[in-house]
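Each protein sequence line maps, in turn, to chains A and B. In this text, residue positions in the first sequence follow the working numbering: the first is 1, and each later residue adds one. In this text, residue positions in the second sequence follow the working numbering: the first is 382, and each later residue adds one.
For the record, the hints were derived by calculation from the structure and aren't laboratory data. Treat the hints with care, since some could be wrong.
Residues on chain B that point at chain A, a partial pick, calculated with CB under 7 Å [unchecked claim]:
id, residue
1, Lys390
2, Tyr407
3, Leu421
4, Ala428
5, Ser451
6, Ile452
7, Val453
8, His454
9, Ser456
10, Ile460
11, Gly473
12, Tyr501
13, Asp503
14, Leu505
15, Ser517
16, Gln521
Mimicking DMTMM-like on lysine to aspartate or glutamate, the simulated pairs with C-alpha atoms at most 20 Å apart in a straight line are [as the list claims (entries may be wrong)]:
id, chain 1, residue 1, chain 2, residue 2
17, B, Lys399, B, Glu409
18, B, Lys412, A, Asp245
19, A, Lys123, B, Asp470
20, A, Lys150, B, Glu490
21, B, Lys502, B, Glu461
22, A, Lys123, B, Asp503
23, A, Lys220, A, Asp239
24, B, Lys412, B, Glu402
25, A, Lys198, B, Asp509
26, B, Lys429, A, Asp3
27, A, Lys198, B, Asp503
28, B, Lys446, A, Asp239
29, A, Lys217, A, Asp3
30, B, Lys446, A, Asp245
31, A, Lys150, B, Asp470
32, B, Lys414, A, Asp245
33, B, Lys444, B, Asp509
34, A, Lys220, A, Asp356
35, B, Lys444, A, Asp35
36, A, Lys359, A, Asp3
37, A, Lys123, B, Glu498
38, B, Lys429, A, Glu300
39, B, Lys429, A, Asp239
40, A, Lys123, B, Glu409
Please read all numbers here as calculations on a predicted model, not as lab measurements. Glycine included, C-beta positions come from ideal geometry on N, C-alpha and C.
Below, each chain spelled out in residue letters.
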Amino acid sequence: MSDVYIIGVDMIQFGRFPERNVANIGAEAALLALDDAGLSIQDMQALYCGNLGQANAMVGQRILQEIGQTGVPVVNCANACATGATAFREAWMSIKADVNDLVLAVGVEQMGKGLLGGGGGGKGIPKEGLLGSATMPAVFAEAGMEHARKYGTTFEQFAKVSVKNHHHSTMNPKAMYQIETPLDTVMNAEMISYPNTKLMCSVNVDGSAAAVLASEKKTKELGLMDRAVRVRASVLTSDPWQERDLVMPDVNTCTRNAAKQAYEMAGVGPEDIDLVELHDCFATAEILHYENLGLCKDGEAGRMIDEGATALGGKVPVNCSGGLLSKGHPLGATGIANIFEVSTHLRGNAGARQVDGAKIGLTHVIGLGSACAIHILEKAA
Amino acid sequence: MAKETKTGKPLPAVPFLKLPEDGEPYLEGHKCKACGAVYLGERSVCAKCSARDQIEPTRLSDKGKLYAYSIVHRSFPGIEVPYVSAIVDLDGGGTVKGNLINVAADPAEIPFDMPVEVVYKDALGRKDKDGNSYVSYFFQPAG
Ligand SMILES: [Zn+2]
């Protein structure tokens with residue numbers, strides 16, 4: 001089986017574009033990624049499109065209507081917040097399977113403002129605020145409090161995640177926000193669901209990201225190996241049964257399972273990873289994933305954030321892009337945007353936020369329901 | 382299906398809350414005889430062990446311990462805040478989520494593993510479109 005390489009990758013600056021439609025937003029990233037590879041949509045053998053909010057609306061085909069209706073196969077996929085990474089992985093698999101050797105993956109989302117989850121529906125009376133809360137800030141607050149009960153993790157430690165990621169975003173022109181948020185600002189922001197304040201919740205934005213993937217043979221043929229990023233591992237898991245499943249989505253086990261498989265597939269360990277983009281949908285979540293991804297031992301995540309080990313310049317910088325907390329979280333685009341960020345560091349093009357000498361990076365997303373995707377990427381040449 | 386309540390009797394807020402004619406309300410679980418997994422709501426196949434037709438109803442305990450929680454300060458319009466969204470492990474099996482009442486909305490006042498009891502009351506005055514009232518369950522510190 002051929003290794004698979006990313007030979008073009010890009011994203012648009014995340015923001016709010018109510019005057020545009022989802023296909024148009026996706027098309028912009030598609031063209032950027034094609035330009036990055038120096039290729040045309042005419043060269044692509046298939047399109048894998050990730051979008052959640054309009055999953056029944058043939059978004060991939062509509063992207064081709066914007067940039068070139070070449071008649072190639074189009075797969076539209078939805079997988080909660082792992083949607084973009086799943087589309088990328090389908091593209092990867094098609095090359096692994098020797099079906100294609102040059103394909104495009106796009107992730108795109110057009111979001112509204114406001115709280116996600118807990119919308120209700122169903123019969124009888126609304127349950128939100130009657131049977132606890134099903135809003136995402138509350139669900140991830142409860143996941144954080146599970147960590148607090150085990151290890152004594154504090155509100156301040158969770159808040160430090162947000163300080164760090166907002167700081168990183170000041171160096172990322174493609175982030176939604178580039179604003180420093182000191183610890184007291186984060187902790188004194190409006191409390192949404194304790195321990196998550198408003199500045200500890202990811203930003204709902206519109207956005208898109210895209211990648212061109214190629215087989216080893218094709219990458220060499222095109223003379224693009226010097227800029228290529230090798231996909232060392234691509235893993236997707238769902239959530240195995242857990243006793244509290246019915247009331248408490250488990251974001252930990254499927255991440256641990258995916259991480260284990262990904263390290264095995266890549267033949268590397270957590271100690272070999274130079275940078276990580278992980279799913280900080282809420283500040284509480286980032287702390288959990290330090291341990292889930294093996295970046296530290298169980299119970300050490302609080303210390304890790306206290307010591308700055310995951311800040312730029314630390315042992316293993318996490319979310320140099322600003323993360324979902326400040327770069328923004330357009331659900332279907334996030335998985336590929338994370339891949340763009342890590343690829344940019346591996347190519348040495350990350351500017352002020354560059355992780356020096358980055359050779360291997362890891363991306364992680366998790367969608368409730370649940371789906372977890374992990375990719376391990378390495379500089380090719 | 383919204384049942385007619387010609388008698389004006391309130392309905393349960395969720396199907397796993399049982400309101401017997403001649404007894405106290407209780408929460409009903411469904412337990413897999415093969416592996417012991419407990420579910421809220423009827424089902425025929427076990428998600429844990431995949432056994433078929435091994436699930437039977439079981440009465441859940443009215444006592445348990447607080448596993449995790451969040452204090453919700455922002456919710457949807459019309460929903461009174463703050464309130465405590467709590468995840469409770471019931472004694473003898475079953476984990477249930479609900480509002481924790483009669484506590485201060487202050488993390489210092491809400492210790493993990495706090496013993497709690499299940500109480501049954503009107504569902505915060507919420508009615509369905511046909512005007513039916515509902516009974517719901519709540520957690521409170523065990524007295
Ligand atoms: Zn079973």
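Hints and how they fare:
1. At about 14 Å, the closest approach between the beta carbon of B:Lys390 and any beta carbon in chain A exceeds 7 Å, and the interface hint on this residue is violated.
2. Interface restraint check for B:Tyr407: the shortest CB-CB distance to chain A comes to about 16 Å, outside 7 Å, so the restraint is violated.
3. This hint holds: B:Leu421 has a C-beta 5 Å from the nearest C-beta of chain A, less than the 7 Å allowed.
4. The interface hint given for B:Ala428 holds, since its Cβ lies 5 Å from the closest Cβ of chain A, which is under the 7 Å cut-off.
5. Residue-level restraint check for B:Ser451 holds (minimum Cβ-Cβ distance to chain A is 4 Å; threshold 7 Å).
6. Against a cut-off of 7 Å between C-beta atoms, the interface hint on B:Ile452 holds, since the closest Cβ of chain A lies about 4 Å away.
7. A distance limit of 7 Å between C-beta atoms decides the matter here; for B:Val453 the minimum to chain A is near 5 Å, and the interface restraint holds.
8. Restraint check, B:His454 versus chain A: the minimum CB separation of about 4 Å is within 7 Å; hint holds.
9. The interface hint given for B:Ser456 holds, since its Cβ lies 5 Å from the closest Cβ of chain A, which is under the 7 Å cut-off.
10. Satisfaction of the interface hint for B:Ile460 is found here, the shortest Cβ-Cβ separation to chain A being roughly 4 Å, below the 7 Å cut-off.
11. A hinted interface residue such as B:Gly473 counts as satisfied when its beta carbon comes closer than 7 Å to some beta carbon of chain A; here the least separation is about 13 Å, so the hint is violated.
12. Using the Cβ-Cβ criterion of 7 Å, the hint placing B:Tyr501 at the interface with chain A is not satisfied: the shortest such distance is roughly 13 Å.
13. The beta carbon of B:Asp503 is not positioned within 7 Å of any beta carbon in chain A (closest approach about 11 Å), and the interface hint is therefore violated.
14. Taken as an interface hint, B:Leu505 checks out: its beta carbon lies about 6 Å from the nearest beta carbon of chain A, inside 7 Å.
15. Satisfaction of the interface hint for B:Ser517 is found here, the shortest Cβ-Cβ separation to chain A being roughly 6 Å, below the 7 Å cut-off.
16. Taken as an interface hint, B:Gln521 does not check out: its beta carbon lies about 14 Å from the nearest beta carbon of chain A, beyond 7 Å.
17. Between B:Lys399 and B:Glu409, the direct Cα distance comes to roughly 7 Å. Compliance with the 20 Å bound is thereby established for this hinted pair.
18. In summary, the hint linking B:Lys412 to A:Asp245 is supported, as the alpha carbons are separated by about 14 Å, within the 20 Å threshold.
19. A hinted pair counts as satisfied when its Cα atoms are at most 20 Å apart, and A:Lys123 with B:Asp470 does not qualify at roughly 26 Å.
20. The suggested pairing of A:Lys150 with B:Glu490 holds, with an alpha-carbon distance near 18 Å, which does not exceed 20 Å.
21. For the hint pairing B:Lys502 with B:Glu461, the CA-to-CA distance comes to about 17 Å; that is within 20 Å, so the pair holds.
22. The hinted pair formed by A:Lys123 and B:Asp503 meets the criterion: a straight-line CA distance of about 17 Å does not exceed 20 Å.
23. Under the criterion of a C-alpha separation no larger than 20 Å, the hint pairing A:Lys220 with A:Asp239 is inconsistent with the structure, at around 38 Å.
24. With a C-alpha separation of about 24 Å, the suggested pairing of B:Lys412 with B:Glu402 is violated against the 20 Å cut-off.
25. A threshold of 20 Å between alpha carbons decides the hint, and for A:Lys198 with B:Asp509 the separation of about 32 Å lies outside it, so the pair is violated.
26. The straight-line distance between the Cα atoms of B:Lys429 and A:Asp3 is roughly 36 Å, outside the 20 Å bound, and the hint therefore fails.
27. Simply put, A:Lys198 and B:Asp503 have alpha-carbon atoms about 32 Å apart, too far for the 20 Å limit, and the pair is violated.
28. With a C-alpha separation of about 25 Å, the suggested pair B:Lys446 and A:Asp239 falls outside the 20 Å cut-off, and the hint is violated.
29. A hinted pair counts as satisfied when its Cα atoms are at most 20 Å apart, and A:Lys217 with A:Asp3 qualifies at roughly 9 Å.
30. Note on B:Lys446 and A:Asp245: the hinted pairing holds, with a Cα-Cα distance of about 17 Å set against a maximum of 20 Å.
31. The hinted pair formed by A:Lys150 and B:Asp470 meets the criterion: a straight-line CA distance of about 15 Å does not exceed 20 Å.
32. Proposed proximity of B:Lys414 and A:Asp245 is supported: the alpha carbons are some 19 Å apart, at most 20 Å.
33. With a CA separation close to 29 Å, the supplied pair B:Lys444 and B:Asp509 exceeds the 20 Å bound.
34. At most 20 Å may separate the alpha-carbon atoms for a hinted pair to count; A:Lys220 and A:Asp356 exceed this at roughly 27 Å.
35. Annotation: proposed proximity of B:Lys444 to A:Asp35 is violated, straight-line Cα distance about 62 Å (limit 20 Å).
36. Proposed proximity of A:Lys359 and A:Asp3 is supported: the alpha carbons are some 17 Å apart, at most 20 Å.
37. Note on A:Lys123 and B:Glu498: the hinted pairing is violated, with a Cα-Cα distance of about 27 Å set against a maximum of 20 Å.
38. Proposed proximity of B:Lys429 and A:Glu300 is contradicted: the alpha carbons are some 30 Å apart, above 20 Å.
39. The hinted pair formed by B:Lys429 and A:Asp239 meets the criterion: a straight-line CA distance of about 11 Å does not exceed 20 Å.
40. Proximity of A:Lys123 to B:Glu409 is assessed by CA-CA distance (about 19 Å); at most 20 Å being required, the pair is judged to hold.
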